[in-house]
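For the protein sequence lines, the chains are S and D, in the order given.
Position 67 (the first sequence) corresponds to 67 in our numbering; numbering is contiguous.
Position 109 (the second sequence) corresponds to 1109 in our numbering; numbering is contiguous.
Quick caveat, the hints were computed from the structure, so don't treat them as lab data.
Every value quoted in this text rests on a predicted model; they were computed, and no experiment measured them.
Virtual Cβ for every residue (Gly too), placed ideally from N, Cα, C.
Beyond 10 Å from chain S on every Cβ pair, some chain D residues (computed):
#, residue
1, F1008
2, I1102
3, S1121
4, S1135
5, I1138
6, L1146
7, L1161
Ranges of calculated distance between the beta carbons of each label pair, as one might list FRET restraints:
#, chain 1, residue 1, chain 2, residue 2, range
8, D, S1133, S, S3, 37 to 47 Å
9, D, G1127, S, I71, 42 to 52 Å
10, D, L1009, S, L8, 18 to 28 Å
11, S, G177, D, G1117, 26 to 36 Å
12, S, Q76, D, L1009, 53 to 63 Å
13, S, M205, D, L1146, 46 to 56 Å
14, D, F1142, S, T235, 21 to 31 Å
15, S, I12, D, S1100, 31 to 41 Å
Take a look at the letters that make up each chain.
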Amino acid sequence: MRSRRARLALAIAVLVSITFIILSARGSSTTARDTGSSVFGPFERLTSSVTKPIGNFFSSLTRIRSNEKTISDLQQKNAALQFDNRVLDGQSARGRQLQSLLKTAGIGQLTIVPAQVIAVGPSQGFAWSITLDAGSRDGVKTGQCVINGDGLVGRVSSVGRSTSTVLLAIDPSSSIGARAAKSSQIGIATGDGLAGLTFQLLDPMAPLKKGDSLLSFGSKNKQPFLPGIPLGTITDIKGATGSLTRIAIVQPFVDFSGLDVVGIVVAIPDRDPRDSLLPSSPKPAPTVTITISPTSGASSTPPSSARPTPSTPTPKPSKS
Amino acid sequence: MSLFWRRFLVAGIWIVAAIVIQNVILSQLPLPGATPDLLLVLVVGWAMTKGSLEGVIVGFVAGLMLDVIPPAVGTVGVWPLILAVVGYFVGLAADDGQRSAITPLVIVALASVASMGAYLSVSVLLGTSPMTSASEIIGQLFTQGLYAVALALAVLPALSLSIRRIEPTSPRW
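Okay, chain D solo, but in the shape it has when bound:
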């Protein structure tokens, strides 16, 4: 199997595993606020390692899966849109930024808050906006960023390891 296909197989396995874990385990934990967004951390991690082109592709596929795998309801297409854009910009930011230990965590936090803000905005545009209070939305945004950083600490090294297994030249953090 060529390197190209191996890479996309690995990405596919990561995406499905992330969504299943998110829906079956993380969403049923008695945590306050948002559900830890494993999928977003995965897209951000992939884009940081492999650049914006693969960030867009992985983000798009991951979003599409999220909109299709049960118990998804609502409009299909919102998450692929958001995650593709997130993948692109994270890829750009990682390309020209000099790396430190803290940079990936800041990027993850910003990306998770931005993705949720984007989701709310698109929902308002589509007329499917959730009727929630401002305080609840702020609480969700805050916990979202917090959980994303916590997940990133565990997920990013594992992701980087699995990418380097198929491609030893890729950067590590």
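Chain S on its own, in the form it takes in the complex:
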């Protein structure tokens, strides 16, 4: 008798689950997720606020030795940057004029809501997602772009009142239109878990180089992805030029396993920020859409002089 009821319950549970799967596959799971986020997000916030300090304490214990190395690295970097700064002072006045001429947007033009990671999806789902402690009351909406200081993190997939869920760029279901910065070739960057991203060019014959940076190409109406946000560096190219299966392995700029504070882009700039968000500020790739000067050759010169790159004369501080 008891086992008959159990069998009946199992049959019902299986049927209801399959119904959910079908409804979800048709794309109507957002409401359930948003409700789940609103109801249970606060629990995760609370637990995180209690456990985070404890976790930070223990992780800092394990990092004491590497911290010393970090400090000396940072001191060296600081010296180099101070030197660069003096060089830049002289060029900044001219740079400002060119900047306003170009009307390119810096990262400051994006309106960003900073948020902290409070929960990470378990790895057995093979899905890469995080919960942030900012929600609809902070102006976060589904489909907004999430970035951090290094580059593109992902997009908001569901929103509760005080929390939101982000689908990371390295999730296998995430595809981002991308452009190689130097060759300007466009393609699609697909997530590949902790292995990073794979980049497939739309034109199999197009040139592609190791070490080239990958920038987001931008979505329609700049949602979910803004154009020009750094994605990663091409570390390897598989397949010969011209083969349909040629893909590039991309190492993301963002450290996805160590995400902590990220920014949700809640308002987008009026104008296209182009490539001005690249971290090491190399030459922004001249795109055909920049038509600020009457001569065609001049379009690539202002960016290179406006933002002095590490490759332009930057003597090492040891020489000074």
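Here the structure of chain S is known, so what remains is to put chain D in place on it, guided by the hints.
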């Protein structure tokens, strides 16, 4: 409050607590391989104590919660399907098997490996299969089973205690 509702309130608290702990604490620990699956241990423990009928119900509700509580993404309905089936079969196995100290741990390990295998299979059927290598999947399955046994050692006695508080007649292990 009737015994029936008390039992489901306790189960609900356990489920939400397990998911929150799993998402906020366990998934951020620097452990190799899979995230310790606290929720699965809970479903297995409940089914072993209370039989397959409650195993199905608790498994279904727990799976649904897991698919809805942030940061869940992907298809809603896969986990309730798997955990309901796991609850049913664990309940059956616990009904007719003679108890020893090691039996629950073996059941937990088998159930955790089976649930992950089932999740991968359903993902392949739905076309949402993760593009991961075989070696990574084997590593995940192995660590999954290992962590599940370790969690079971701590969680099963606590679960059994909280069930016996509302229902002193239920079996203990």
